[in-house]
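Q: With chain P fixed as given, assemble chains A, Y and R onto it according to the hints.
Protein chains: 4
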Amino acid sequence: MLAQFSITPIGKDARIGEYVAQILKIVDERGLDYQFTAMSTLVEGEWYEVMQLIRDCHNLMRNFAERIMTTIIIDDFAGRTGRLKGKVENVEEMLGKKLKT
Amino acid sequence: MLAQFSITPIGKDARIGEYVAQILKIVDERGLDYQFTAMSTLVEGEWYEVMQLIRDCHNLMRNFAERIMTTIIIDDFAGRTGRLKGKVENVEEMLGKKLKT
Amino acid sequence: MLAQFSITPIGKDARIGEYVAQILKIVDERGLDYQFTAMSTLVEGEWYEVMQLIRDCHNLMRNFAERIMTTIIIDDFAGRTGRLKGKVENVEEMLGKKLKT
Amino acid sequence: MLAQFSITPIGKDARIGEYVAQILKIVDERGLDYQFTAMSTLVEGEWYEVMQLIRDCHNLMRNFAERIMTTIIIDDFAGRTGRLKGKVENVEEMLGKKLKT
Chain P
1264 MLAQFSITPI
1274 GKDARIGEYV
1284 AQILKIVDER
1294 GLDYQFTAMS
1304 TLVEGEWYEV
1314 MQLIRDCHNL
1324 MRNFAERIMT
1334 TIIIDDFAGR
1344 TGRLKGKVEN
1354 VEEMLGKKLK
1364 T
Chain A
1264 MLAQFSITPI
1274 GKDARIGEYV
1284 AQILKIVDER
1294 GLDYQFTAMS
1304 TLVEGEWYEV
1314 MQLIRDCHNL
1324 MRNFAERIMT
1334 TIIIDDFAGR
1344 TGRLKGKVEN
1354 VEEMLGKKLK
1364 T
Chain Y
1264 MLAQFSITPI
1274 GKDARIGEYV
1284 AQILKIVDER
1294 GLDYQFTAMS
1304 TLVEGEWYEV
1314 MQLIRDCHNL
1324 MRNFAERIMT
1334 TIIIDDFAGR
1344 TGRLKGKVEN
1354 VEEMLGKKLK
1364 T
Chain R
1264 MLAQFSITPI
1274 GKDARIGEYV
1284 AQILKIVDER
1294 GLDYQFTAMS
1304 TLVEGEWYEV
1314 MQLIRDCHNL
1324 MRNFAERIMT
1334 TIIIDDFAGR
1344 TGRLKGKVEN
1354 VEEMLGKKLK
1364 T
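Protein chains in written order, with our numbering: chain P, 1264 to 1364; chain A, 1264 to 1364; chain Y, 1264 to 1364; chain R, 1264 to 1364.
Source of the hints: derived by calculation from the structure; they are not laboratory data. There's no promise every hint is true.
As the list makes no split between identical chains, a pair holds if one copy fits it or if it spans any two.
Okay, derived cross-link-like pairs now, DSSO-like style, lysine-lysine, Cα gap no bigger than 30 Å in a straight line [said to hold, decoys possible]: (1) Lys1361 with Lys1348; (2) Lys1288 with Lys1348; (3) Lys1360 with Lys1288.
Since we're looking at a predicted model, the values are computed, not measured.
Extracted from the complex, chain P is given alone in its bound form (with noise of 0.2 Å):
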């Protein structure tokens, strides 16, 4: 499945890079295919090792706030995977030209 999630301290100055950064580590070290974005992390995998990877995240997270807002959104597609990339190229093949990606 893929899954698209962000992981927010709440009550730390609003500059998080840092602990973002702290989060990425893991996230690319994990080995689950991914993407960084500027609003979130995409990541494909079975669920339990997708919410291990969330939850390994959101731990970390609470070493450094003690409220943080963790927002998750699933896309899973029966039998499918390598969508990460794939569904990009879906659309892209679609429109008949290249996008922003």
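A: What follows is chains A, Y and R alone, placed relative to chain P:
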């Protein structure tokens, strides 16, 4: 922690109430403190029990649809419980009036 | 249409109830059908009036914090109204029992 | 401000790429800085122009489906621009390595 989730089948009829009802049956029987609204279900508990409940609901929906979109928003405030009602009461106290809840 | 929104200041104290209270004052006075929960505010109306309300609330929060995260989820079903209560009642009827609402 | 949005038709086929392609055509032609991913579209601009774009995309989807779910997450940091790329570069600098973006 407090979580708000919704589980939506993609590619079924636009009327999905019967599927949502099956999911709420699971939520109601699980015994965690919850609240059902027109847009999502709120539930309060530990990470493991909340996520297990959401996974069970997600898996049930997979019996009805090949593609599912599940949205989860978590508000995790260290050491706090009873927030499903407490947060609302706190705001009403600050305003000195009852809100529509 | 039906919308669910929350407005969170980033970089303030973890206790944000006083800011949420100011926002709910706006929502309550606006006169649209709404419901306030521990995780978000639901509101029903036309696109323009719902979005204007959310923008007003977002702008108010900007008086309190330099960085704000606003989450909006819209469920727009052509030609339907009265869904804030109607969707919940529909599910309860299907189950033949009252849920925690 | 920075916004991330997705527009999903409910009650159509599970394969919705052709509708998403029509929406991305609008986004690409609008001229705002944007990024298209497998889960959502990011866009940067003023509240009015971002919300007008999302509304136009939402309205287009209404030509294809009677029920639509639109999710919007806004990160509004006073006085900052160029964050679509800037936030990602900032995290990469902190980590001292390139991430998958």
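Q: Now, for every hint given, state plainly whether the structure supports it.
A: Each hint, compared with the structure:
no.	hint	result
1	Lys1361 with Lys1348	both (13 Å within a copy, 18 Å between copies)
2	Lys1288 with Lys1348	both (21 Å within a copy, 19 Å between copies)
3	Lys1360 with Lys1288	between (33 Å within a copy, 10 Å between copies)
The earlier numbered hints are all upheld by this structure, with none contradicted.
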